[in-house]
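Novice: Sequence:
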Amino acid sequence: MIKNSFLFVVFLLFSICIQTAFAQKTISLDREKINIASVRLDSLVKSKTNKNTPGYAVMVINDGKIIYNKGFGLANLETKQPITSNTDFYLASLSKEFTSMAIMILHDRHLLKFDDLMIKYLPGFPAYGKKITIRNLLTHTSGLPDFYNVLGYNHDFTGLTNQDVWNLLMKQDSLLFPPGTKYNYSNSEYVLLAMIIAKVSQEHFAKFMEENIFNPIGMNNTLIFTDSTLNVPDRAIGYVKDSIGIYKKDDYAQFTTGAGGMYSSTGDLFRWDQSLYTNKLVSKATLQQAFTKQKLNDGTKINYGFGWMINNLNEGNLKGVKYIYHTGSLDGFKNLIVRIPSYHFTCIVLSNSGKPIADPKVIPELFLEK
Numbered sequence: 007m008i009k010n011s012f013l014f015v016v017f018l019l020f021s022i023c024i025q026t027a028f029a030q031k032t033i034s035l036d037r038e039k040i041n042i043a044s045v046r047l048d049s050l051v052k053s054k055t056n057k058n059t060p061g062y063a064v065m066v067i068n069d070g071k072i073i074y075n076k077g078f079g080l081a082n083l084e085t086k087q088p089i090t091s092n093t094d095f096y097l098a099s100l101s102k103e104f105t106s107m108a109i110m111i112l113h114d115r116h117l118l119k120f121d122d123l124m125i126k127y128l129p130g131f132p133a134y135g136k137k138i139t140i141r142n143l144l145t146h147t148s149g150l151p152d153f154y155n156v157l158g159y160n161h162d163f164t165g166l167t168n169q170d171v172w173n174l175l176m177k178q179d180s181l182l183f184p185p186g187t188k189y190n191y192s193n194s195e196y197v198l199l200a201m202i203i204a205k206v207s208q209e210h211f212a213k214f215m216e217e218n219i220f221n222p223i224g225m226n227n228t229l230i231f232t233d234s235t236l237n238v239p240d241r242a243i244g245y246v247k248d249s250i251g252i253y254k255k256d257d258y259a260q261f262t263t264g265a266g267g268m269y270s271s272t273g274d275l276f277r278w279d280q281s282l283y284t285n286k287l288v289s290k291a292t293l294q295q296a297f298t299k300q301k302l303n304d305g306t307k308i309n310y311g312f313g314w315m316i317n318n319l320n321e322g323n324l325k326g327v328k329y330i331y332h333t334g335s336l337d338g339f340k341n342l343i344v345r346i347p348s349y350h351f352t353c354i355v356l357s358n359s360g361k362p363i364a365d366p367k368v369i370p371e372l373f374l375e376k
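With positions in the sequence shown counted from 1, the corresponding number in this note's numbering is that position plus 6.
Since the hints were made in silico from the structure, they are not lab data. Check before you lean on any hint, since a few could be wrong.
[Unchecked claim] Below are the SDA-like pairs computed for lysine to any residue, each with C-alpha atoms no more than 25 Å apart in a straight line:
| # | residue 1 | residue 2 |
| --- | --- | --- |
| 1 | Lys57 | Val368 |
| 2 | Lys126 | Asp162 |
| 3 | Lys136 | Asn303 |
| 4 | Lys205 | Ala133 |
| 5 | Lys188 | Gly322 |
| 6 | Lys76 | Asp257 |
| 7 | Lys299 | Ser335 |
| 8 | Lys376 | Ile73 |
| 9 | Lys188 | Thr298 |
| 10 | Lys76 | Gln295 |
| 11 | Lys119 | Asp36 |
| 12 | Lys119 | Ser207 |
| 13 | Lys137 | Val206 |
| 14 | Lys119 | Lys137 |
| 15 | Lys367 | Phe297 |
| 16 | Lys299 | Ile316 |
| 17 | Lys86 | Ser249 |
| 18 | Lys290 | Ser348 |
| 19 | Lys52 | Lys286 |
| 20 | Lys247 | Phe163 |
| 21 | Lys254 | Asp36 |
| 22 | Lys361 | Gly251 |
| 23 | Lys137 | Ile308 |
| 24 | Lys328 | Pro347 |
| 25 | Lys188 | Met176 |
| 26 | Lys325 | Asp36 |
| 27 | Lys137 | Val156 |
| 28 | Lys54 | Asp69 |
| 29 | Lys247 | Leu336 |
| 30 | Lys307 | Lys255 |
| 31 | Lys255 | Ile42 |
| 32 | Lys286 | Pro347 |
| 33 | Lys255 | Asn155 |
| 34 | Lys255 | Asp162 |
Work out the full structure, taking the sequences as your base and the hints as a guide.
Specialist: See the structure below:
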């Protein structure tokens, strides 16, 4: 009996040590550090906008708490609607994080596997794509051309749908390279993932996203923009400056989904960020694949996971720290989300001004560098 009790205590201590070893390091910033960094961030944003121009919604999160949350400029120049944390911006490629999550949800429900061939779910795809896997689509290693490049950036994309992208890919006769041999960012891949999600779930893509991601984590201001979307509440309009410095409307007008198509706010993206520290949507083992550099066929690592770019900081005390991020840029929208899970630190920037706020590393370094 004494021996069994001793063994139990040893096992308990071992378990605690293991959990401690694998626990994420968190750093709660002190108020003085937050205040200093906030003043610097204010200056950075104000150098790019003012109260009468399009602007930015900026949020910084540390250890589960919002430590910076401001809107700068106007969501709509005509109505003078100010930007707030509830303003809905077109996310552009930030949408890919959510599309990859939907694929991971289907994976955890045993409805598909990452290494399944794409044609298992899209059997009508031309023979040139017969070796493409779902993992290839997730990691931009399929060899499929980006539909924007095929059509040309001078093309009028108004009203473009996923079916239009499908029809375009049906007309191609070859890949840019064999699947898994190179990394090449392509929006076409995530359009096909949206089609796979709809096929496997037997639901409209937008409905699946709402029921399985947005609603469960309380993203009440988030939606998928399709040809059936009648209204986006509290919507930011996109703008860009013309050659003489006047802001002109340059708003989103497509209906493609998967690669883009989402509207959301910094307030909702806070809920998204916090959900990624849990297993509420998928298992931690599955989620970890999204945040792990994937490999080409020859074993070479690429700086992309499932819907996330992955890199390392290289300054001062942050040297070598992994950060996970994605940008989103289309028309007048320039967006950014950067996560440093080891510090429980995230910054979110949404913009309708046609200008990015800064390099992805700048805001984390403002708050975290010693």
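Novice: Determine for every hint whether it applies to the structure shown.
Specialist: Results of checking the hints against the structure:
Straight-line distance between C-alpha atoms of Lys57 and Val368 comes to about 23 Å, which keeps the hinted pair within the 25 Å bound. Using a Cα cut-off of 25 Å, the hinted pair Lys126 and Asp162 is violated, with the two alpha carbons roughly 33 Å apart. Of the supplied pair hints, the one linking Lys136 and Asn303 holds, its CA atoms being roughly 16 Å apart against a limit of 25 Å. Only pairs whose Cα atoms come within 25 Å are accepted, and Lys205 paired with Ala133 is accepted, the gap being roughly 20 Å.
A hinted pair counts as satisfied when its Cα atoms are at most 25 Å apart, and Lys188 with Gly322 does not qualify at roughly 32 Å. Under the criterion of a C-alpha separation no larger than 25 Å, the hint pairing Lys76 with Asp257 is consistent with the structure, at around 23 Å. For the proposed pair Lys299 and Ser335, the alpha carbon gap of about 23 Å is at most 25 Å, so the pair holds. Proximity of Lys376 to Ile73 is assessed by CA-CA distance (about 18 Å); at most 25 Å being required, the pair is judged to hold.
At most 25 Å may separate the alpha-carbon atoms for a hinted pair to count; Lys188 and Thr298 meet this at roughly 17 Å. Under the criterion of a C-alpha separation no larger than 25 Å, the hint pairing Lys76 with Gln295 is inconsistent with the structure, at around 32 Å. Taking the CA atoms of Lys119 and Asp36, the gap is about 44 Å. The hint is violated against a cut of 25 Å. Taking the CA atoms of Lys119 and Ser207, the gap is about 14 Å. The hint holds against a cut of 25 Å.
Proximity of Lys137 to Val206 is assessed by CA-CA distance (about 19 Å); at most 25 Å being required, the pair is judged to hold. Our distance criterion of 25 Å between C-alpha atoms is met by Lys119 and Lys137, whose separation comes to about 15 Å. Restraint check for Lys367 and Phe297: satisfied, since their Cα atoms lie roughly 17 Å apart, inside the 25 Å limit. A distance of roughly 7 Å separates the Cα atoms of Lys299 and Ile316; the hinted pair therefore holds under the 25 Å criterion.
Under the criterion of a C-alpha separation no larger than 25 Å, the hint pairing Lys86 with Ser249 is consistent with the structure, at around 23 Å. At roughly 15 Å between alpha-carbon atoms, Lys290 and Ser348 fall within 25 Å of each other, so this suggested pair holds. Under the criterion of a C-alpha separation no larger than 25 Å, the hint pairing Lys52 with Lys286 is inconsistent with the structure, at around 37 Å. Under the criterion of a C-alpha separation no larger than 25 Å, the hint pairing Lys247 with Phe163 is consistent with the structure, at around 20 Å.
Simply put, Lys254 and Asp36 have alpha-carbon atoms about 42 Å apart, too far for the 25 Å limit, and the pair is violated. Only pairs whose Cα atoms come within 25 Å are accepted, and Lys361 paired with Gly251 is accepted, the gap being roughly 13 Å. Straight-line distance between C-alpha atoms of Lys137 and Ile308 comes to about 20 Å, which keeps the hinted pair within the 25 Å bound. Of the pairs offered as hints, the one joining Lys328 and Pro347 holds, with about 8 Å between alpha carbons and a cut-off of 25 Å not exceeded.
A threshold of 25 Å between alpha carbons decides the hint, and for Lys188 with Met176 the separation of about 22 Å falls inside it, so the pair holds. Distance hint between Lys325 and Asp36 is fulfilled; the C-alpha atoms sit about 21 Å from each other, no more than 25 Å. As the CA atoms of Lys137 and Val156 are separated by approximately 21 Å, the hinted pair is consistent with the 25 Å bound. For the proposed pair Lys54 and Asp69, the alpha carbon gap of about 29 Å is over 25 Å, so the pair is violated.
For the hint pairing Lys247 with Leu336, the CA-to-CA distance comes to about 14 Å; that is within 25 Å, so the pair holds. At roughly 40 Å between alpha-carbon atoms, Lys307 and Lys255 are farther apart than 25 Å, so this suggested pair is violated. Between Lys255 and Ile42 the alpha-carbon distance is near 35 Å, which puts this suggested pair outside the 25 Å criterion. Between Lys286 and Pro347, the direct Cα distance comes to roughly 17 Å. Compliance with the 25 Å bound is thereby established for this hinted pair.
A distance of roughly 23 Å separates the Cα atoms of Lys255 and Asn155; the hinted pair therefore holds under the 25 Å criterion. The hinted pair formed by Lys255 and Asp162 meets the criterion: a straight-line CA distance of about 15 Å does not exceed 25 Å.
In this structure, the earlier hints numbered 2, 5, 10, 11, 19, 21, 28, 30, 31 are contradicted, and the remaining ones agree with it.
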